[in-house]
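K.L.:
For the sequence shown, our numbering begins at 1066 and goes up steadily by one.
Among the hints, erroneous ones may be present.
Said to hold, decoys possible - Once the Cα atoms are required to be at most 25 angstroms apart in a straight line, the calculated BS3-like pairs of lysine-lysine come out as: (1) Lys1219 <-> Lys1206; (2) Lys1194 <-> Lys1219; (3) Lys1181 <-> Lys1219; (4) Lys1206 <-> Lys1194.
The hints are simulated quantities; they were obtained by calculation from the structure and are not laboratory data.
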Amino acid sequence: MCASKDTINSVFQKTKSLQTNASSQFQISIAVSIVVTCTSSPALTLLEQELANLPKHLPSILDYVNASVHAFYEQPACDPFPSSSAAPFFLRALCPWDYEMNTDLNRFPPVLTVAKCKCRTCLNSEEYKCSPVLYSVQVLKQECNHGIKRWIRKTELIPVACTCIQPLV
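Could you put together the complete structure from these sequences and hints?
P.N.:
The following block contains the structure:
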């Protein structure tokens, strides 16, 4: 079943409305499965244009986040951040972290802000380890099977912060 141009336009208008009006931007659930052909068509062109015109960043302290867990094993040695009330909370934590942008054009939303731990160990102890705090979020992933594109709802585990934990023995 293929979606018409009007159907796709309607879905994206509703999606944008949900995205800007949601009280918790982490829990946008969109019960939509859009199917279009993998070949060039007006409906597919409209879908690609809508995805390209989505906002790159929505203002929020904890934006949508997504990151691969392997990134946390590549952290450099960590220097303590000077304690200052002007510094953001995520830099003053015992396991400080940064935010990065994660882009996947086959996902809706295509751009997510992700947390990445800056340190392997906690600033106050070499015995404790920094670990990502993961959050389960629903996204739409684009798949193409047998010449048909579909948007499928999937759940991804994403890091939103970092915390100090006792390592498993």
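K.L.:
Going back to the hint list, which numbers does this structure go against?
P.N.:
Structure breaks hints 2, 4.
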